[in-house]
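A.B. asks: So the sequences go chain by chain: H, A and V. Heads up: the first sequence is residues 1 to 544, going by my numbering. Heads up: the second sequence is residues 1 to 287, going by my numbering. Heads up: the third sequence is residues 1 to 333, going by my numbering.
Hints may be right or wrong, so weigh each one.
Derived lysine-lysine pairs resembling BS3-like cross-links, with alpha carbons at most 27 angstroms apart [stated by the list, open to error]:
id : chain 1 : residue 1 : chain 2 : residue 2
1  : V       : Lys185    : V       : Lys127
2  : H       : Lys148    : H       : Lys128
3  : V       : Lys127    : H       : Lys206
4  : V       : Lys185    : H       : Lys114
5  : H       : Lys303    : H       : Lys347
6  : H       : Lys544    : V       : Lys185
Derived from the structure by calculation, the hints contain no laboratory data. Given the structure is predicted, the values throughout are model-derived calculations rather than measurements.
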Amino acid sequence: MDLIKHSFRLAAATFAVSALVFSTFNANAAADGPPVQGGSLIWGVETEPATLNPHLNGQDKTKLLLRNVFETLLARTKDGGYLPWLATGYKISDDGKTYTFTLRDDVTFSNGEKLDAAAVVTNFTKLKDPAYSGSASSGPVSRLADAKALDERTVELSLKEVYAPFLDFASGLEIISPASFASPQIKSGGTEITGTGPFILDRYAKGQEIHFVKNPKYQWAPSTAAHRGPAYLDEVTYRFLSESSVRAGALTSGQVNLIEGVSGNDAGLFRDDPEYSYQSALNTGTPYSLFLNTTFGPTQDVKVRKALIAAIDVDAVLKSVYRGERTRAWGITSPVDTQLYDASIEKSYGNDPQLSNQLLDQAGWTARDADGYRTRDGQRLTIEVVQAQATVRDQRDVLLQALQAQAKQKAGIDLTISYVDAGTYTDRRATGKFGSIANSNTPTDGIDIEYHYLPIKQGGSINYSRASAPELLGWLRAAASTLDQKKRFDLYARLQRFAIIDQAYAFPLYEPEDQIAASSQVQGVSFRPFKQLPESAYDVWLSK
Amino acid sequence: MTFQTSVSRKHRWHVLPLLLNNAGLIASFIFLVLVASVTISPDLLSSYDPIAADPIQAQLPPTYEHWFGTDHLGRDVFSRVLHGARYSLLIGVSAMLIAVVVGSLLGLLSGLARGFVDEIITRFLDVVSAFPDLLLALVLISFTGPGTFNLIFALGVASIPRFARVVRGQTFVVAESGYVEQAKTFGLSRTTLIWRHILPHAIEQVPILATIGLGTAIISAAGLSFLGMGPQPPTPEWGAMLSEGRNYLRNAWWIGVWPGLAITLTVISVSVVGRRWQAAFEGRRLV
Amino acid sequence: MTLDNPAFIDELPLGSPSRIVRFRHSLWSRVLGRVGSGVVVLWAAVTLSFASLQIAPGNIVNLLVGDQLPTPEVEAAIRAEWGLDEPLIVQYLRYLWRILHGDFGRSYVLQSDVTSLILSQLWPTLKLTSAALVVAIVFAVTAAVLTAGRRWPRRLASAAELVLVSTPSFWLGIVLLFVFSFTLKLFPVAGDKNFSSLVLPALSLGLSLGAVVSQVLRQGLENALEEPFALTVRSWGCSDLTLRLRHCLRHASLPAVTLTGWLVGGLLSGAVITEQVFGRPGLGKVTVDAVLGKDLPVVLAVAIFSALIYVVLSTLVDLLYLFLDPRLRTRNR
Numbered sequence: 001m002d003l004i005k006h007s008f009r010l011a012a013a014t015f016a017v018s019a020l021v022f023s024t025f026n027a028n029a030a031a032d033g034p035p036v037q038g039g040s041l042i043w044g045v046e047t048e049p050a051t052l053n054p055h056l057n058g059q060d061k062t063k064l065l066l067r068n069v070f071e072t073l074l075a076r077t078k079d080g081g082y083l084p085w086l087a088t089g090y091k092i093s094d095d096g097k098t099y100t101f102t103l104r105d106d107v108t109f110s111n112g113e114k115l116d117a118a119a120v121v122t123n124f125t126k127l128k129d130p131a132y133s134g135s136a137s138s139g140p141v142s143r144l145a146d147a148k149a150l151d152e153r154t155v156e157l158s159l160k161e162v163y164a165p166f167l168d169f170a171s172g173l174e175i176i177s178p179a180s181f182a183s184p185q186i187k188s189g190g191t192e193i194t195g196t197g198p199f200i201l202d203r204y205a206k207g208q209e210i211h212f213v214k215n216p217k218y219q220w221a222p223s224t225a226a227h228r229g230p231a232y233l234d235e236v237t238y239r240f241l242s243e244s245s246v247r248a249g250a251l252t253s254g255q256v257n258l259i260e261g262v263s264g265n266d267a268g269l270f271r272d273d274p275e276y277s278y279q280s281a282l283n284t285g286t287p288y289s290l291f292l293n294t295t296f297g298p299t300q301d302v303k304v305r306k307a308l309i310a311a312i313d314v315d316a317v318l319k320s321v322y323r324g325e326r327t328r329a330w331g332i333t334s335p336v337d338t339q340l341y342d343a344s345i346e347k348s349y350g351n352d353p354q355l356s357n358q359l360l361d362q363a364g365w366t367a368r369d370a371d372g373y374r375t376r377d378g379q380r381l382t383i384e385v386v387q388a389q390a391t392v393r394d395q396r397d398v399l400l401q402a403l404q405a406q407a408k409q410k411a412g413i414d415l416t417i418s419y420v421d422a423g424t425y426t427d428r429r430a431t432g433k434f435g436s437i438a439n440s441n442t443p444t445d446g447i448d449i450e451y452h453y454l455p456i457k458q459g460g461s462i463n464y465s466r467a468s469a470p471e472l473l474g475w476l477r478a479a480a481s482t483l484d485q486k487k488r489f490d491l492y493a494r495l496q497r498f499a500i501i502d503q504a505y506a507f508p509l510y511e512p513e514d515q516i517a518a519s520s521q522v523q524g525v526s527f528r529p530f531k532q533l534p535e536s537a538y539d540v541w542l543s544k
Numbered sequence: 001m002t003f004q005t006s007v008s009r010k011h012r013w014h015v016l017p018l019l020l021n022n023a024g025l026i027a028s029f030i031f032l033v034l035v036a037s038v039t040i041s042p043d044l045l046s047s048y049d050p051i052a053a054d055p056i057q058a059q060l061p062p063t064y065e066h067w068f069g070t071d072h073l074g075r076d077v078f079s080r081v082l083h084g085a086r087y088s089l090l091i092g093v094s095a096m097l098i099a100v101v102v103g104s105l106l107g108l109l110s111g112l113a114r115g116f117v118d119e120i121i122t123r124f125l126d127v128v129s130a131f132p133d134l135l136l137a138l139v140l141i142s143f144t145g146p147g148t149f150n151l152i153f154a155l156g157v158a159s160i161p162r163f164a165r166v167v168r169g170q171t172f173v174v175a176e177s178g179y180v181e182q183a184k185t186f187g188l189s190r191t192t193l194i195w196r197h198i199l200p201h202a203i204e205q206v207p208i209l210a211t212i213g214l215g216t217a218i219i220s221a222a223g224l225s226f227l228g229m230g231p232q233p234p235t236p237e238w239g240a241m242l243s244e245g246r247n248y249l250r251n252a253w254w255i256g257v258w259p260g261l262a263i264t265l266t267v268i269s270v271s272v273v274g275r276r277w278q279a280a281f282e283g284r285r286l287v
Numbered sequence: 001m002t003l004d005n006p007a008f009i010d011e012l013p014l015g016s017p018s019r020i021v022r023f024r025h026s027l028w029s030r031v032l033g034r035v036g037s038g039v040v041v042l043w044a045a046v047t048l049s050f051a052s053l054q055i056a057p058g059n060i061v062n063l064l065v066g067d068q069l070p071t072p073e074v075e076a077a078i079r080a081e082w083g084l085d086e087p088l089i090v091q092y093l094r095y096l097w098r099i100l101h102g103d104f105g106r107s108y109v110l111q112s113d114v115t116s117l118i119l120s121q122l123w124p125t126l127k128l129t130s131a132a133l134v135v136a137i138v139f140a141v142t143a144a145v146l147t148a149g150r151r152w153p154r155r156l157a158s159a160a161e162l163v164l165v166s167t168p169s170f171w172l173g174i175v176l177l178f179v180f181s182f183t184l185k186l187f188p189v190a191g192d193k194n195f196s197s198l199v200l201p202a203l204s205l206g207l208s209l210g211a212v213v214s215q216v217l218r219q220g221l222e223n224a225l226e227e228p229f230a231l232t233v234r235s236w237g238c239s240d241l242t243l244r245l246r247h248c249l250r251h252a253s254l255p256a257v258t259l260t261g262w263l264v265g266g267l268l269s270g271a272v273i274t275e276q277v278f279g280r281p282g283l284g285k286v287t288v289d290a291v292l293g294k295d296l297p298v299v300l301a302v303a304i305f306s307a308l309i310y311v312v313l314s315t316l317v318d319l320l321y322l323f324l325d326p327r328l329r330t331r332n333r
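The following block holds chain H by itself, in its conformation from the complex (with noise of 0.2 angstroms):
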């Protein structure tokens, strides 16, 4: 335990920038003894799976909860290493084509399956066929050309091609029991869909809450765990609560221990009141940022898209909006992700009206309408933000109308925000007729860049900037192709800067982030380190 310790300060010390878990909790940790065994706990979370088999399910923020019973081959230091777990060790071939994982052999499933390599081939395989998985399919495993037990204990995975971001998927697939997918749960997930983790699925009441029961035979944690054994407590329930106020109500009523997803006007509320801790910790991946349409409409001028990033006060309106409890966002990845970040972006634009006003009088837009708007050739510069309504959450309803007055009250663009049923926004995302999208995604090593900022048939499935330059394709084809660290960083630094500064395709907004409030009785909440998500109940206790 002490050596973890050891690791994770010099992990702190060699990238202070990536020092993002702020915590008032830890602090007290120590001071009330030794952890206490047993207790159930009671944590209020914003959102409930889809389905619960973590291979189908794409909500980052139901993941604190699959995590409960399904683990993976490899655990992540907080600089993105990798540490064993499922797996005790990985090895690369020359040609970067080969990965071999060696698995722990005292593992079982909580359905009494023994966890060897047949059952991690089964997971993989199972996973490129489309008539399992659907679309994710079509995702990061679509690389993989041949799954193979080697032995017992020795899987060997083969790519088509080399490419650098697979380690990264593959140490992070949840491993499902070889038997769950002969159920008729397994695309919906239950109790018969079973994994290795800490906890066993017990009951789930949908709209309600999910339940969990310690493993009594858990005997695997990864290095990253602050203990080892089975879990503390005896049980973890989860209760869904999807309006932020009554999640913050029912911790300060005492309803519930812990919530995660605390507004920025209630995290004062928490953070400034001795019986309550608050932490939180900035998300993996793209930030949150209006991707803006290279294909149709104004934003099809590199100008107006400058001039929309130049208008727009960001830091005012965070602050505003978040009571300051939010991080801003520079670039195209997340900080987190130290090794393809490139912070020499943060301050170099933005918040600039008067150049904003001088590209959208140079792009021709330059009489103004009666409501005060630009217009050219009588047309109203209008953007159309377009926004699935059940994707709302962490208030971005009211940052993006907050972006609206000020885009009007700058430069006089016209942010028209529109909030659709999921019909309607899969038929704009397909035929590419709306203005903006505002996303955000988590996942690391550059796959989050990729979707993003690959041309749209070639990978960039989420690509809303709709961007096809060449220079894009070249950079990361080159970046994944090749497990030099160094080479890939430099690659990803120059797409930042083509992407945002000189060609305007997405304005980042914010970082998104997770936070955790809890009484002071909770004890040993932490986030997962590197993936940034909060972490499962294995550590967590409830002091007397």
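Given chain H, work out where chains A and V should sit, using these hints.
C.D. replies: This is chains A and V only, laid out in the frame that chain H set:
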């Protein structure tokens, strides 16, 4: 039951003396006049732009400068409430207009044609009313997408059966009354009969029902706004404002409370006026 | 099922006088006819829902592909999995055939069986709506009996009822939450754990409906109190309360029964919002999520289900009227 008294029209003129006789009614009436004048010209009472945000002035409590405080984006709540009257009333009134026009036509057609046409229309109305109002509006909006116009359309469609049924029933009553038989013997043409004699009687309750329905439409619109199906931002519609304000109740109660009060007072006034009107129409005893 | 003020009570479809005109057959053929037309309405509701979902925006395959890359293999797999490669008419007939067997298919979003999903959410909604119904009736009877015909209590109660009817229910719910859960800590905030978690949702859903019923009931009571029989009963030396409860309430509740359809519609509509505010499981929450996520199998199932409730209820009420009110029967013959 209303249809028995509906043929006597003279009760209508009792509305005016009643006004002078009742404090609640007068207060409601004055409030509605106020709301109506604000709808026509909201700038009379407030000098602030309802959609101009000022991040530095966010969440200020009510003061002399901002009577109702400022909201989470630093917009003047008083000004937004005043401007909101226009949208909230527009939604309610337009939805009722759709329901009244389509509903009356369907009801009249059904009542006059009888037989097969009546059967079809009645079944259609049954199908529409088989879905609870809010659910129907929700599903309709999921096809059209959220927005002010679509909200009006959805609320209007959901209210059609009410009006159609009333008019259909009244058409039956009027058409079977001896009065129309008499008119026929005078040799009036069918068109004249329908437009001059049946229609006016068949729809005479409709304005009253529409007035009362207006309050309901405003409430339903607020509910749909809460579900995220309402007017698009930054429209200062009351339901949308109330729904935005719910997350700030702890820190800045004034963001939600004022629009909430505006909705409640308006709907109360509308119901009071509408119901007294109906009572007068039916010649009921008033307390 | 229209959510509205009492002005519409006389015009409600259930047992409305306008229907009487069409009564021409004997009682039994009337019963059969009513049931038959219920089935027709149900079929029309299914067909209408199915058709409108087809013309709604959003290509289903694209929707299911989501954020991922739509390769031809993926699209083919999705089409095959959900039976989307069939012609529309085949899909429709197959759907009808399946729902006749109680199989509503599988949810696009939740990946689970729709029939069991609906059934699992039925009980929480039923609990909420019946609790709200109890609240509504208790409120209505108390307010009406205690205040009918009494000048000042009546005014006070009327004012309270007006405020309740005129306040959006989600707002009432949030205010109740703040006062009774967060501040006074009397009731839990959310979920469906035990009886106490039912109190606030039932109040916020039931009070506004109860306020409407109480207005109708009071009107009925006041009419009844003026009938000659009330004077007779009084002359027996009955107390005022006994008169109201034992003799007049029965008279007054007949017009209130016409509210049944409206009440059920109000409860179902209101449950959609109440479940959202209080984070309760139930059909309303499932519906909102399904509508927003274009989860067609679930939207269809909910539509059919609510139409079924309406058809069954309105048929029952119509038939009940026929049996209860001898005037209708004689007039029919």
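A.B. asks: Please go over all the hints and tell whether each is borne out by the structure.
C.D. replies: A quick look at each hint next to the structure:
1. At roughly 23 angstroms between alpha-carbon atoms, Lys185(V) and Lys127(V) fall within 27 angstroms of each other, so this suggested pair holds.
2. With a C-alpha separation of about 13 angstroms, the suggested pairing of Lys148(H) with Lys128(H) holds against the 27 angstroms cut-off.
3. Pair hint Lys127(V) plus Lys206(H) holds up; C-alpha atoms about 16 angstroms apart against a cutoff of 27 angstroms.
4. Restraint check for Lys185(V) and Lys114(H): the C-alpha separation of about 48 angstroms exceeds 27 angstroms, so the hint is violated.
5. Annotation: proposed proximity of Lys303(H) to Lys347(H) holds, straight-line Cα distance about 20 angstroms (limit 27 angstroms).
6. Among the hinted pairs, Lys544(H) with Lys185(V) is consistent with the structure: their alpha-carbon atoms are about 22 angstroms apart, no more than 27 angstroms.
Of the numbered hints stated above, the single one contradicted by the structure is hint 4.
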